[in-house]
Amino acid sequence: MLPGRMLLIVTTLTLGAIAVPAHAATIQIVMENLVMSPPEATARVGDTIEWINKDIFAHTATARNGDFDVTMPPKKTVTSVLKKAGMVEYYCRYHPNMKAVLIIAP
Amino acid sequence: MFVRLSAAIAALSLVASAVLAEGANPTDPQIAHIAYTAGVIDIAAAKQAISKAGSKDVKAFAEDMVRDHEAVNKQALDLVKKLKVTPEDNDTSKTLSKQASDKLAELAKLKGADYDKAYVANEVAYHKAVNGALETQLIPSASNAELKSLLQTGLKIFQGHQQHAEHVAAALK
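Which chain is which? The protein sequence lines are C and G, in order.
Here this note's numbering is used: the first residue of the first sequence is 1, the next is one more, and so on.
Here this note's numbering is used: the first residue of the second sequence is 1001, the next is one more, and so on.
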């Protein structure tokens, strides 16, 4: 009885692991007091970025190479899914002194 | 280029002399008044630009200025209320307001691309001047920690605006 249950649990765990591929992660990038953190984040194509704006100001995350341009209203969180690999420098169009890097693996 | 540079230097030295004219370091109620006035000045300039500017980018920049400076000033008002501090008018605030109204009148006479260039050049110079005053006078003189922290946020916002204005100026050439 016990080994059977164990097997069931192990099987469920394994299936669960297969059903949720390791690369479908959610990564948080926070804008607070006009600083983007972390200054360098790593992710994979297909991952979701949660852009969390804790400031009373609107910000953007604008890729210098044009790959993405996300606008975050004050005190709001916006999500976007990464579509292209690359090492992307991004900044805020409204406050270009805010900048960070996102390294996206294929 | 020379005109823009000399305008920037003139603006810098005017603000520096306005702040230094106080002699002694400004008090927290005076600092709060100066910082709030600096925001009000930029909002007034931006509102003029929203109605006068020809370039879409310049108008968008002006709208960003109104949005950010209104947000900072709202926070400043909330803070002085919380701290039970009454902002105190002073010579620096008066000099800043006088210079700003002269500048508004001067800009009002310009039209089209001339106006756009002059407004953005003044925004670069003005933000640079305010940054200098924040860094060398206002932040070091502030004694309340929350006021100091708000001024530090203000400095980062103004530095961001200066860079933004520089980008807009470069695109207008």
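In case anyone wonders, no lab produced these hints; they're calculated from the structure.
Model, not experiment: these values are computed from the prediction.
Hints should not be assumed to be uniformly reliable.
Stated by the list, open to error - Among the chain G residues that face chain C by a calculated CB cut under 10 Å, a handful are: (1) A1024; (2) N1025; (3) T1027; (4) D1028; (5) Q1030; (6) A1071; (7) V1072; (8) Q1075; (9) K1084; (10) T1086; (11) E1088; (12) N1090; (13) K1128; (14) K1148; (15) I1157.
What the hints assert, rightly or not - Computed far set for chain G versus chain C, every beta-carbon distance over 10 Å: (16) V1040; (17) L1083; (18) L1107; (19) A1118; (20) E1135; (21) T1153; (22) K1156; (23) G1160; (24) H1167.
All C-beta atoms, glycine included, are put in the ideal place defined by N, C-alpha and C.
Minimum C-beta separation from A1118 (chain G) to chain C exceeding 10 Å: can you confirm that? The assertion about A1118 (chain G) holds, with a minimum of 22 Å to chain C.
Given A1071 (chain G) as an interface hint, is the shortest Cβ-Cβ distance to chain C below 10 Å? holds (5 Å)
Have a go at the K1128 (chain G) hint: is there a Cβ in chain C nearer than 10 Å to its own Cβ? Because about 13 Å separates K1128 (chain G) from the closest Cβ in chain C, which is outside the 10 Å limit, the hint is violated.
Have a go at the N1090 (chain G) hint: is there a Cβ in chain C nearer than 10 Å to its own Cβ? violated (27 Å)
Could you let me know if the closest chain C CB is still more than 10 Å away from the CB of E1135 (chain G)? Holds, because the least Cβ-Cβ distance between E1135 (chain G) and chain C comes to about 14 Å, which exceeds 10 Å.
A1024 (chain G) as an interface hint toward chain C, with CB separation required under 10 Å: It is violated, given that the least Cβ distance between A1024 (chain G) and chain C is near 30 Å, above 10 Å.
Please confirm whether L1083 (chain G) is truly not at the interface, meaning its C-beta sits more than 10 Å away from all C-beta atoms of chain C. With a cut-off of 10 Å, L1083 (chain G) remains clear of chain C, as the shortest Cβ separation is near 18 Å.
So, T1086 (chain G) near chain C? Judge it on the closest CB pair being under 10 Å. Cβ of T1086 (chain G) sits 23 Å from chain C, so the hint is violated.
A closest beta-carbon separation below 10 Å is what the hint needs, so does V1072 (chain G) meet it against chain C? holds (8 Å)
Interface hint for E1088 (chain G), Cβ within 10 Å of any Cβ on chain C: Nearest chain C Cβ about 25 Å off; hint violated.
Take a quick look at T1153 (chain G) and tell me if its Cβ sits farther than 10 Å from every Cβ on chain C, holds or violated. violated (6 Å)
Do the numbers back the hint for K1084 (chain G), that is, is its least Cβ distance to chain C under 10 Å? With a minimum Cβ separation of about 22 Å from chain C (threshold 10 Å), the hint on K1084 (chain G) is violated.
The structure does not agree with the numbered hints 1, 2, 3, 4, 5, 9, 10, 11, 12, 13, 14, 21, 22, 23, 24 stated previously, though it agrees with the rest.
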